[in-house]
Amino acid sequence: MLDLSQLRAQLDDFQDYEASVRDRRVEQRRRACAVLASCDEQWPKVQAAVEEAQPRRLVAALQEAPGTTTDAPARPTPITVVATDGSQIYPDRHVDPTFFLLNVSRVGFQYGTQDEPLLDSVPRLRFEDDVRDHIDAVLGSMTTELVSALRDEMELEHLLAAAQEGKVEGRPLIALADGTLIRWMIRGMNNEAAEDALIARYTDYLQSFRTAALPLASYVSMPATTEVVNLLRFMVGELDVASPDAFAVSPSKPSLEGLLDRHVFDSVLAPGQRSATFGSTSHIQRAYPEGSEVCYFYLKVPSTSGTTEMARVEVPRWVADERSLLDRIHATVLRDCDKGDGYPLALSEAHERAVIRASEREAFFRLMERRLRRAGLSPTNSRKRRSKQAPRV
Amino acid sequence: MQQDAPIAEVIESSTRQFVAEVYEDVEAPAFGSWVCVEGEGQNMLFGLVSHVETGSYDSNREAVALGLSSEERAEEMPMVQELLRTTVRAQVLACRDREGHVHQTLPPHPPDIHDFVHRCADEHVRALGAPFDFLRTLVEHPDPAVPVDDLLVAVLRRTYEANGAEHGGREALVTAGRALSRLLDDDHERLQSILRRVL
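Protein chains in written order, with this note's numbering: chain A, 1 to 393; chain B, 1 to 199.
Honestly, the hints are just simulated from the structure, not real lab data. Don't be surprised by glycine CBs; every beta carbon is placed ideally from N, CA and C. Careful, some of the hints might be misleading.
Straight-line Cα separation of at most 20 Å, SDA-like style, residue types lysine to any residue; simulated pairs [as the list claims (entries may be wrong)]:
(1) A/K339 <-> B/E76
(2) A/K167 <-> B/A74
(3) A/K167 <-> A/A53
If you want the ones that stay clear, here's a sample from chain A, every Cβ over 12 Å from chain B, calculated [to be verified]:
(4) S20
(5) Q63
(6) G67
(7) T113
(8) L125
(9) E128
(10) E145
(11) A161
(12) R323
For reference, chain A alone in the conformation it holds in the complex (with noise of 0.2 Å):
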């Protein structure tokens, strides 16, 4: 039960603390846009002098001019748009046994031309001795980490089997993946040799996208990455490594600190436009192969209602090196957020297929239940999830 009439003024606060951030973020951006352009005549400078102190925070690695922004070229027509998105039923701490279930959809749509749309999902169940059998590691217990890490390999693994066999000879591909190719969030699962089990499968499945020549992007929406804005950052002085003062810059205030990437691009973007690539230099990467390393660039989305957002497209070294297949995906996936209102159509197509409702959560637990029970296994069920399930007066 929530009381509303509680809430009066938490949200009377709430709301001078939303406009006072608001003051402060338009004299940021103005700071970070000079920055910026600081930065712009001297970016090569900047780069080897970030390369020498080594700031402990992430920093975006320049490869041109980051003020660069680049116009949408057309789409091209047709084209193959592959995407896959899943969702997960995960391990209930009051139900016996241990398991939890992973569902990823696969889309494929053959843009301009009338042919038949993929548009499908596989289920698949996974418990202890399954996942044994997957990662040569002991596993102390299964984690909502490890569940979400397994759920991005499945997505991986599909995204790649749907490329190639939505893959048309002379007809350009783009395999539109869900989130971040970072895997970052592995790290803190507090076993190395898990940990390093499942980079190297999430890697494996990157190469082969490279080997077979397939591009991937991967679409993140309202990113609150702050990579750039540390590069500026280090060049104001305000990271924990001394920067040269060559890089000084008026105005002297306010400090960036609090306002992420997005927030400078959408000063910086028109409506359509992409920023410059940056690389990743997340310290996973160095876990990935050569040329697979993570790139991204920002894009500016308009929606319908006329607001814009902004995106994060990530892209291996290998795409972000060949210009032709930055200008693909930036003209596709805007394209396709045109038509999915703000947000990629194969996406979001791929998120509706991917969801499992809750009547066919329930659906799935029934029938585990009488399969277990049917052969007398009688699975226990908590009092607890009982009391949750059917509350009473």
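With the hints as your guide, set chain B onto chain A.
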């Protein structure tokens, strides 16, 4: 008798009516046309299509205006067609027993879910002729969501066509008209309005 390929599949069923999903790439049966569901032996149910509906498969997703030609839609939003389905509701008005006798009354059992639905051939429609008892069920227990007179117009037209149209169809139509007249309590205006629209 050799049947045509099925056009739909039963997804909701009762002795009075059934709902069937029409297969993709198949033209939906017309409003007021006869369809049949074959059972074991000679068993067969005859239903009159009283409602045809196209909409989204997914109750969470509504169809919205796209402003695209059908060609553009197929090329740029290929999932839309996949998300649409057509269903028909048929009123069950007659059945054929194991021996092959047609009874113009409700069947003892409803069709099974997933049973195949076929279009009725002319000879089946002719078997649903005099004394046109099914008209009584139709007039006295109409589907409340369907304008019954329009359904009568459509079913009489089908009777006329199946009996040879201008080469003999009129005779069947006159017989059906007489039956209908009695059912409508000699409401001539209503009867005239129906018959006027048949031909």
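Q: Check each numbered hint from earlier against the structure, then list the numbers of those it violates in ascending order.
A: 3 and 7
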